[in-house]
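Colleague: Each residue of the sequence shown is one higher than the one before, starting from 1 at the first, in my numbering.
Hints were generated in silico from the structure; no laboratory data involved.
The structure presented is a predicted model; accordingly, all values stated were derived computationally and were not measured.
Take these hints with a grain of salt, some might be off.
Calculated pairs, DSS-like style, for lysine-lysine (alpha carbon to alpha carbon, straight line, at most 30 Å) [claimed, not checked]: (1) Lys-191 with Lys-202; (2) Lys-59 with Lys-189; (3) Lys-184 with Lys-59; (4) Lys-202 with Lys-261; (5) Lys-269 with Lys-184; (6) Lys-238 with Lys-202; (7) Lys-240 with Lys-59; (8) Lys-189 with Lys-238; (9) Lys-238 with Lys-191; (10) Lys-261 with Lys-59; (11) Lys-59 with Lys-191.
With beta-carbon atoms standing in for the labels, derived distance ranges [unchecked claim]: (12) Gly-173 with Lys-202: 39 to 45 Å; (13) Gln-242 with Glu-58: 32 to 38 Å; (14) Asp-236 with Ile-257: 27 to 33 Å.
Note that the Cβ used here is the ideal one computed from N, Cα and C, for glycine as well.
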Amino acid sequence: MFKKLILLGVVCSFFNLRAEDKDTIKTYQAPSITVTSTKAKERQSPVPFSEITEAELEKTTSNIDLPNLLQTMPSIYTFTENGNGIGYTNLRLRGFDQRRISVLVNGIPQNDPEDHNVYFINLSDLQESLGEIQVQRGAGLANYGAAAIAGSINLTTSAFINNPGIRLYAGNGFQEFSGSDIIKSNTNKLKLEYSSGLVNEKYAFYGKMSQINSEGYRNQSFAYLNSYFLSAIRFDEKLKTQVNVYGSSQRDGLSYIGLPKDFVTDPVKRRENYSY
Numbered sequence: 001m002f003k004k005l006i007l008l009g010v011v012c013s014f015f016n017l018r019a020e021d022k023d024t025i026k027t028y029q030a031p032s033i034t035v036t037s038t039k040a041k042e043r044q045s046p047v048p049f050s051e052i053t054e055a056e057l058e059k060t061t062s063n064i065d066l067p068n069l070l071q072t073m074p075s076i077y078t079f080t081e082n083g084n085g086i087g088y089t090n091l092r093l094r095g096f097d098q099r100r101i102s103v104l105v106n107g108i109p110q111n112d113p114e115d116h117n118v119y120f121i122n123l124s125d126l127q128e129s130l131g132e133i134q135v136q137r138g139a140g141l142a143n144y145g146a147a148a149i150a151g152s153i154n155l156t157t158s159a160f161i162n163n164p165g166i167r168l169y170a171g172n173g174f175q176e177f178s179g180s181d182i183i184k185s186n187t188n189k190l191k192l193e194y195s196s197g198l199v200n201e202k203y204a205f206y207g208k209m210s211q212i213n214s215e216g217y218r219n220q221s222f223a224y225l226n227s228y229f230l231s232a233i234r235f236d237e238k239l240k241t242q243v244n245v246y247g248s249s250q251r252d253g254l255s256y257i258g259l260p261k262d263f264v265t266d267p268v269k270r271r272e273n274y275s276y
C-alpha cells in the first residue's frame, strides 16, 4: 500500500510539471505611461505666472526668508512677525493667505496636511539651493489640492553643475534703532557649500550647511536657524534622477501679537513684543 501511494504521488507531480509547461495564460502589452510636469510655459500655458531664474536668485539677498524674495512679483504681499524678514514670515497671493497657496518642492507638496499651512521657517535658506521659482496665480494647470485656491508656488532645485568648488560665506548685519544712538550687530550668517560639478559626464554631488542668527526688530523676536541640504544627481540620455535630503532646525522668540495703531509712530513702543 505504501509503494502505491508513492507511485501515485510521483505520477501526480509529473502531470503538474507538464501542466506548468503548457501555460495558456495570455499576456497583454499595456500602453506606456508618460509623466508630465505641471510647470507653466510662456505662450503655451493658459495660466498667469511669474518666474525667478537661477541667475536672478544668485543676485538676491540670501539671509532673508524665502517669501520675501517673492514680494516683487504680481499679486504677492509678505510680512514677517518679528519685523526684519527673518523668522515667521507670512505670504498672501491674490488676497489669500498661505493656507490657500500650494507650495511644492520638485512637485512634492509642503503644505501641512491638517490645516494646509506652510511654515517657511522650516525651509530656512532653501533658496540657496534652488534653480527656479515659478508662481502660478489662480487655479493653475492641475489639481493641486485644497490649498491651491489662490495659486501655487513651484520650487525647483538646482542641478548644481555650473559652479564646482568649495565656498565659505560669512556675513554680519548692523542696525541702528530709532530712539537710540546704539548701533547693534543683530544679524549674521555662516554658510559652507560644496559642489562637485559634473563628474564623468554623468554625476553631480552637492552639500550645504548654513546658520542664520537674527535678534529681530521687535524685542525678544530672535530667530536662530540651522539648515542643511544634500543632493546627488545622475544624468542619463533621457532621464535625470535626483535625490535631495534637506531640513532645518530653529530656536525662536514668538512675536505674533500685534500692537495698537498709535504705537507705530513711537520708535520705542513699536518694538514691543507681548508674545514673549
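Colleague: Each hint: holds or not?
Modeller: Here is how each hint holds up against the structure:
1. Lys-191 with Lys-202: Measuring from Cα to Cα gives roughly 27 Å; hence the hint holds.
2. Lys-59 with Lys-189: Holds, because 16 Å separates the two Cα atoms, which is no more than 30 Å.
3. Lys-184 with Lys-59: holds, 26 Å
4. Lys-202 with Lys-261: violated, 59 Å
5. Lys-269 with Lys-184: holds, 18 Å
6. Lys-238 with Lys-202: This hinted pair holds, its Cα atoms lying about 12 Å apart.
7. Lys-240 with Lys-59: Holds, at about 27 Å.
8. Lys-189 with Lys-238: Roughly 39 Å between the alpha carbons, so the hint for Lys-189 and Lys-238 is violated.
9. Lys-238 with Lys-191: Roughly 34 Å separates the two Cα atoms, so the pair is violated.
10. Lys-261 with Lys-59: violated, 36 Å
11. Lys-59 with Lys-191: holds, 16 Å
12. Gly-173 with Lys-202: 39 to 45 Å: At roughly 41 Å between Cβ atoms, Lys-202 and Gly-173 fall inside 39 to 45 Å, so the hint holds.
13. Gln-242 with Glu-58: 32 to 38 Å: Hint violated: Cβ distance 20 Å, outside 32 to 38 Å.
14. Asp-236 with Ile-257: 27 to 33 Å: violated, 53 Å
When the structure is compared with the earlier hints, violations turn up for hints 4, 8, 9, 10, 13, 14 and for no others.
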